[in-house]
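**Q** The working numbering numbers the first residue of the sequence shown as 11 and each following residue consecutively.
Simulated from the structure, these hints should not be mistaken for laboratory data.
Check the hints yourself; a few may be wrong.
[Said to hold, decoys possible] No farther apart than 30 Å at their CA atoms in a straight line, the calculated lysine-lysine pairs in the DSS-like style are these:
(1) Lys12 <-> Lys130
(2) Lys132 <-> Lys59
(3) Lys110 <-> Lys59
(4) Lys132 <-> Lys21
(5) Lys98 <-> Lys110
(6) Lys113 <-> Lys64
(7) Lys96 <-> Lys12
(8) Lys98 <-> Lys86
(9) Lys112 <-> Lys45
(10) Lys86 <-> Lys96
(11) Lys86 <-> Lys130
(12) Lys12 <-> Lys132
(13) Lys112 <-> Lys96
No experiment lies behind these values; they were computed from the predicted model shown.
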Amino acid sequence: MKLIITDSIEKHELSALERVFSLSVIKVAAIKSLKGPGENIKNSISIPKTILRKIYITSSSGAGRAMFLLQIEAEKAILVIIRQKKDKQIGANMAVENPKFKKVLERNLDLIIRDLEVGKYKEYDLESQIAI
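Go ahead and model the full structure; you've got the sequences and the hints to work with.
**A** In structure tokens, the structure reads:
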């Protein structure tokens with residue numbers, strides 16, 4: 011199992027939250043999303059052989075929501091969005107019906123596709139996290 015974080019997502023999503031959600035918290039969330047818990051989200055952009063899954067996350071610094079683009083057969087979770095629960099515009103309402111969320115989702119998916127095409131991403135092995 012692998013977690014992929016593209017350079018654009020690291021810059022736009024993670025940089026502001028690195029003190030709230032550590033990489034190990036994100037890895038645990040990625041494992042959970044690959045194993046099934048979480049809520050599948052409709053995607054307005056069709057990416058073959060993938061699904062979007064929202065999952066609740068917690069850390070010692072607070073609660074939040076993360077969304078992963080999952081390639082189930084390849085066992086890869088690509089971080090799309092991560093927000094604190096107290097982010098009222100998006101974190102508390104990660105649904106396609108929320109226009110602010112939908113705009114961020116579509117932007118981030120476009121950024122992810124571009125980053126993946128040119129190799130601008132980091133890949134993390136999740137096998138060592140499974141015992142958690």
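**Q** Each of the hints needs a verdict: does it hold here or not?
**A** Each hint, compared with the structure:
1. Lys12 <-> Lys130: holds, 16 Å
2. Lys132 <-> Lys59: Holds: lysine 132 and lysine 59 sit about 21 Å apart, inside 30 Å.
3. Lys110 <-> Lys59: holds, 26 Å
4. Lys132 <-> Lys21: holds, 13 Å
5. Lys98 <-> Lys110: Between lysine 98 and lysine 110 the Cα gap is close to 11 Å, so the pair holds against 30 Å.
6. Lys113 <-> Lys64: holds, 16 Å
7. Lys96 <-> Lys12: holds, 28 Å
8. Lys98 <-> Lys86: Holds, at about 29 Å.
9. Lys112 <-> Lys45: holds, 25 Å
10. Lys86 <-> Lys96: Cα-Cα ~28 Å, so holds.
11. Lys86 <-> Lys130: Holds: lysine 86 and lysine 130 sit about 16 Å apart, inside 30 Å.
12. Lys12 <-> Lys132: holds, 10 Å
13. Lys112 <-> Lys96: It holds: about 18 Å lies between the C-alpha atoms, which stays within 30 Å.
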